[in-house]
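Asker: Sequence:
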Amino acid sequence: MFEFLFRYPASVFSKGTFVLLGSWPRWLLYAAIFGAAMVIGGVIWQKRSRLAPSLRGIRMLALWSLQTAFLALLLLLLWEPAISVAALKPQQNIIAVVVDDSRSMSLRDVGESREQQAVDLLNRGLLKDLGSRFQVRLYRLGAGIERIQNSAQLNPTEPATLIGKGLRQLADEAATLPIGAVVLVSDGADNSGGIDLDTLSELRRRRLPVNTIGLGKEHLTNDIELDGFDIPAKALADSRLQAQITIRQDGFSGKRAKLVLTGGGSILASRDIKIADAPEQVESIEFNAGKAGVKNIEARIGPLPGEDNAENNRRTTVLSVDDSKRRILYVEGEPRWEYKFLRRAVEDDAALQVVSMLRTTQNKIYRQGIASQNELAEGFPSKPEDLFEYQGMII
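Be aware that the sequence shown starts at 17, since it is given in the working numbering, and climbs by one per residue.
In case anyone wonders, no lab produced these hints; they're calculated from the structure. Check each hint, because a few of them may be wrong.
Ranges between beta-carbon positions, derived for each pair [unchecked claim]:
hint	residue 1	residue 2	range
1	L93	R223	29 to 35 Å
2	T173	R264	18 to 24 Å
3	D402	D324	58 to 64 Å
4	E327	L146	28 to 34 Å
5	A159	L21	48 to 54 Å
6	R222	W80	46 to 52 Å
7	Q407	A168	51 to 57 Å
8	L21	L146	30 to 36 Å
9	L93	D324	56 to 62 Å
10	I289	K233	22 to 28 Å
11	G204	G73	18 to 24 Å
12	L21	A47	49 to 55 Å
13	R124	I289	25 to 31 Å
Where is the CB? At the ideal position from N, CA and C, for every residue including glycine.
Model the full structure from these sequences, guided by the hints.
Answerer: Laid out in structure tokens, this is it:
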């Protein structure tokens with residue numbers, strides 16, 4: 017009905033800017049409306065005695081308002097009102113078509129994979145229709161965006177989908193290229209936790225609209241997914257660590273599954289878990305960091321019978337294991353029993369070394385655990401940078 021009465025859809029009026037195309041100044045319109053309102057009010061006031069009693073008071077005010085509004089509308093038409101809407105220039109602006117190329121796009125919905133649905137959409141008219149009016153650039157989206165020449169180069173093998181990062185890259189490209197809009201074709205399975213405010217602000221600043229085309233089901237009916245995998249980024253060699261694993265599920269409440277941690281081709285830890293009657297649960301599992309080096313630690317749950325998608329049953333993160341000792345500086349004004357027990361506690365810990373400085377008399381310092389004869393020879397370090405040799409300090 018709105019489009020029938022006003023010719024254009026409501027979205028045009030919400031996005032457009034109201035303008036007056038007439039050559040007369042706008043202040044003259046306001047003055048004419050004000051003058052007309054005063055004249056109509058004066059005429060009604062002079063003839064108020066001739067009006068029937070039922071038309072006086074509120075009804076007389078309503079009559080004046082309607083007549084004034086009608087005359088204001090007629091005056092407005094003389095100034096040629098219009099809606100100004102920004103439009104892309106044909107063949108001068110670039111449309112960036114971004115296609116999700118992650119592993120989740122290989123899932124089958126209604127007989128064919130989501131990737132195939134995207135390819136069919138591109139080849140059956142989308143690229144042709146856009147290309148008839150604009151320049152078109154095709155990108156694949158995974159951990160970032162990569163430009164491709166045609167849909168045949170799409171291959172859903174990317175391990176992650178970072179929509180926010182990809183859009184930020186396009187916003188940066190818009191600084192040097194006339195990118196007018198983005199068409200995002202995706203199943204929405206984002207691994208980055210969403211689009212950050214900085215990216216949204218940059219898109220808004222560049223006036224870069226993002227038009228989305230969704231593929232696949234909004235929610236898988238039988239699925240278990242590792243939604244989070246948190247471990248410390250760094251650890252000491254042979255230290256015990258605890259991993260926090262967030263599990264999301266639908267349709268497997270009460271079922272049992274096996275949670276496994278692997279690294280360097282071997283199993284680090286495993287245990288059986290029971291799927292809670294909730295959409296999300298967090299499980300903890302301890303493991304040994306092992307020898308020094310950079311390792312890829314993977315958490316996974318074995319596929320369950322009837323599961324729609326087993327590709328999201330695993331997560332990988334990087335762990336840096338360091339075999340260097342952590343040196344702790346212990347400073348004491350006089351010998352105490354606590355110091356003896358402290359040294360005993362760390363004696364068998366290969367990852368810790370206590371460097372002690374005990375004042376036995378007014379002019380004598382007893383040092384233990386020092387790396388050289390010059391260390392702490394002058395007492396407590398006088399320069400802040402000398403303290404950087406220690407990872408902790410007990411005073």
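Asker: Each of the hints needs a verdict: does it hold here or not?
Answerer: Cross-check of the supplied hints:
Between L93 and R223 the beta carbon distance is about 32 Å. The supplied range of 29 to 35 Å therefore holds. Range check, T173 to R264: Cβ separation about 23 Å, and the 18 to 24 Å hint holds. Evaluation of the 58 to 64 Å hint for D402 and D324 yields a pass: the beta carbon distance comes to about 60 Å. The hint said 28 to 34 Å for the Cβ distance between E327 and L146, and at roughly 31 Å that hint holds.
Remark: the range hint 48 to 54 Å for A159 to L21 is upheld by a beta-carbon distance near 49 Å. For R222 and W80, the Cβ-Cβ distance of about 49 Å falls inside the hinted range of 46 to 52 Å, so the restraint holds. Checking the proposed 51 to 57 Å range against Q407 and A168 shows it holds: the Cβ atoms sit about 54 Å from each other. At about 31 Å, the beta-carbon gap between L21 and L146 stays in the expected band of 30 to 36 Å.
Taking the beta carbon of each, L93 and D324 are about 60 Å apart, inside 56 to 62 Å as hinted. Under the hint 22 to 28 Å, the C-beta atoms of I289 and K233, about 26 Å apart, fit the expected range. In this structure the hint that G204 and G73 lie 18 to 24 Å apart at CB is violated, the actual value being about 60 Å. About 30 Å separates the C-beta atoms of L21 and A47, a value inconsistent with the hinted range of 49 to 55 Å.
Restraint check, R124 to I289: a C-beta distance of roughly 28 Å satisfies the suggested window 25 to 31 Å.
Hint check: violations occur at hints 11, 12; the rest are consistent with the structure.
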